[in-house]
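Each chain, letter by letter, is given below.
Protein chains: 2
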Amino acid sequence: MHRRRREQVYQWLDHESVDAAYVTGDAEIRYLTGMPSDSVLVLFRTGRCVLLPWDVNLASERAEADEIIPYTEFDRKLTDALRAVLGDAAGPGRRVEIPADTPHPSLGDIRDAACGAEVVCRVDGLTGEISRMRSIKDDSELALLGRAAELTNKVIDELDEALGAGSLESELDIALFLERRARSLGGEGTGFEPIVAGPSRSNGIHAFPAFTGARFARTGSGIIDFGINFDGYTSDVTVTVLFGEPSAALRRMTDLVQQAYDESIERIEEGVDARDIARRVDTVFERAGYSMPHGLGHGIGLEVHEAPWLKSSGEAPALLSRGMVFTVEPGLYHSTDGGVRLENDVMLTADGPTIITTSRILRYA
Amino acid sequence: MHRRRREQVYQWLDHESVDAAYVTGDAEIRYLTGMPSDSVLVLFRTGRCVLLPWDVNLASERAEADEIIPYTEFDRKLTDALRAVLGDAAGPGRRVEIPADTPHPSLGDIRDAACGAEVVCRVDGLTGEISRMRSIKDDSELALLGRAAELTNKVIDELDEALGAGSLESELDIALFLERRARSLGGEGTGFEPIVAGPSRSNGIHAFPAFTGARFARTGSGIIDFGINFDGYTSDVTVTVLFGEPSAALRRMTDLVQQAYDESIERIEEGVDARDIARRVDTVFERAGYSMPHGLGHGIGLEVHEAPWLKSSGEAPALLSRGMVFTVEPGLYHSTDGGVRLENDVMLTADGPTIITTSRILRYA
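Listed in order, the protein sequences are those of chains A and B.
For the first sequence, this note's numbering assigns the number 1 to the initial residue and increments by one for each residue that follows.
For the second sequence, this note's numbering assigns the number 1 to the initial residue and increments by one for each residue that follows.
Any given hint might turn out to be false.
To be verified - Stretch by stretch, here's where chain B covers chain A in the computed footprint (C-beta under 8 angstroms, at least three residues): (1) 82 to 96; (2) 119 to 126; (3) 179 to 186; (4) 357 to 364.
What the hints assert, rightly or not - Counterexamples of contact, computed for chain A against chain B with all Cβ distances above 10 angstroms: (5) Ala27; (6) Thr46; (7) Thr79; (8) Asp101; (9) Arg132; (10) Ala143; (11) Leu151; (12) Glu161; (13) Gly166; (14) Leu168; (15) Ala175; (16) Glu270; (17) Val272; (18) Arg275; (19) Ala316; (20) Thr354.
Hints are computed from structural coordinates only; laboratory data are not their basis.
No residue lacks a Cβ here, since even glycine has one placed at the ideal position from N, Cα and C.
Work out the full structure, taking the sequences as your base and the hints as a guide.
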């Protein structure tokens, strides 16, 4: 499958008359070669690739590439590596595409290393193309995300049971419980640092620090936002927990979030513009005098935030397509009433949308 | 202290005839305002700053700035925010400095937002200046790093005791032990995801995944690399653990690493070029037929890797100065013999260098 993905890149290079390109993102390189970290991958229009890993021991176990050269041979200097590796793809009359996130001040040195080749740096170049490819999951990716969701659902149930029994006392207890279960169940780990915000901190969008040693107080609302990474692919869910009888304000926020969530899920289908779903949520919240400080959702995969983006403000239509896997996560945060967010993961296939995770608002006495 | 640091930036802006600048890095913004995450900070030559935080609840608790405007008011679009905030500092005849890591393709939109002001994007501009400022710690920073080191040393001793008693069985057990102790002792957390690599994985520079659910086997060499963050400032140490009688190869690697470490520590003093210390380590290892795939050390502070950089390959002299706090971490990694790294943190003050952490090579039967 890595080879098939690389073939698609080679075809794109050919179509765009690009002789060589390189990528530096961990997720992009894992997608194309299996190598999970700290590398540069150079791809040639001729259908060949060279991987430059920092850690050659790791590369020899994991990476699939036509040639592997230790990045340390070039002292991990990108321009030195390019000078050595580009070969015929550099020089006058050639075209070299570089990542869209290349810092502006480094362009000069990269141009030098390309020895007169045209250096192309654009948002909608290869960076955009790989992002588009990754936004439509292939079968192996759907299977991995399905496994990540299964593990997540098991952990949500365990969490529910433990919270019900009162056996997890602090934010720290909850966060470490999630990390332990993620790895014990065969995951690569949690997909990102879990956010465990007790009632005094649930007003944060992404509470800082993500969790503390303090007690997870059993009053008001708490937010637990986590993912489980299975073989590189991560889920992303948020569980809101309510203790006791919620205040009128909190009940209203909870109802609004649940309504926004239900309406959003109902509208998901192939061909729908995600902006419209997100705009409807904005309307529901605005009418009630609230506003949501973040997007409605985002793609998940090798990264926890990737295309597609479900938000009201996009300039171009964001059409939902089969193969996409993304979160739906309406949330409201009030400085004193606290926060409420409900987040699940949706997989859109030929059979329509499936909510693959089972997060919900949990209530305890 | 945040104000004093901002004053230094305003002076720099004035000296460079820059009317306004913005920074986006979490560590830079925490350094200048106390706000720890997800913000943009706009600084004006006139001695004023505007903070644009994503999370206003968090900002109201933590941030010190002349004005705070929710970034969501601009839909978290940088150019929209600049258009609204730059005011008199934009327009013809003005000069606006932007971060050195600004992606090349976004320059056009930023120029538009600056309405004819000259837009300056350079490695050695404000980004470099703040990095230089941060490389020389002030008294409050030295105190926080001292506290981080104290907690780290306590945890190293506890780890030693637990490993001796055999009470931590898996990589996961060790990693969660570190996280629990970091937060229980009052730290903000571990400073980065701990790397806990049992003997089968200690050949990795930064083992991937950082830790697994597998047993931490009690044979050969294992590597435990972690830091404790106290109020934003992190330590960074590596403990190598040896079980039983090491093989001849492993003993040789251990002796070489210890020798490189001891010689490096001995050479640290004000005014010394860190490249020379690192080059000496390269020589020691090369003579023995080894090579080290990473630098000798790096500054620590609000980020776990920051200036100064102790490596042999720098183009300019890297003179050690009082106020610097940095790691010394020689390491060797062999695909089958395993890995050995010894890393401690050094604080260089008027009284000379002090090794503030107490990591060492731990040996068990």
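Here is what the structure says about each hint:
{"no.": "1", "hint": "82 to 96", "in the structure": "violated (count 0)"}
{"no.": "2", "hint": "119 to 126", "in the structure": "holds (count 3)"}
{"no.": "3", "hint": "179 to 186", "in the structure": "holds (count 5)"}
{"no.": "4", "hint": "357 to 364", "in the structure": "violated (count 0)"}
{"no.": "5", "hint": "Ala27", "in the structure": "holds, 13 angstroms"}
{"no.": "6", "hint": "Thr46", "in the structure": "holds, 26 angstroms"}
{"no.": "7", "hint": "Thr79", "in the structure": "holds, 12 angstroms"}
{"no.": "8", "hint": "Asp101", "in the structure": "violated, 5 angstroms"}
{"no.": "9", "hint": "Arg132", "in the structure": "holds, 16 angstroms"}
{"no.": "10", "hint": "Ala143", "in the structure": "holds, 20 angstroms"}
{"no.": "11", "hint": "Leu151", "in the structure": "holds, 12 angstroms"}
{"no.": "12", "hint": "Glu161", "in the structure": "holds, 20 angstroms"}
{"no.": "13", "hint": "Gly166", "in the structure": "holds, 19 angstroms"}
{"no.": "14", "hint": "Leu168", "in the structure": "holds, 13 angstroms"}
{"no.": "15", "hint": "Ala175", "in the structure": "violated, 8 angstroms"}
{"no.": "16", "hint": "Glu270", "in the structure": "holds, 27 angstroms"}
{"no.": "17", "hint": "Val272", "in the structure": "holds, 21 angstroms"}
{"no.": "18", "hint": "Arg275", "in the structure": "holds, 12 angstroms"}
{"no.": "19", "hint": "Ala316", "in the structure": "holds, 15 angstroms"}
{"no.": "20", "hint": "Thr354", "in the structure": "holds, 28 angstroms"}
When the structure is compared with the earlier hints, violations turn up for hints 1, 4, 8 and 15 and for no others.
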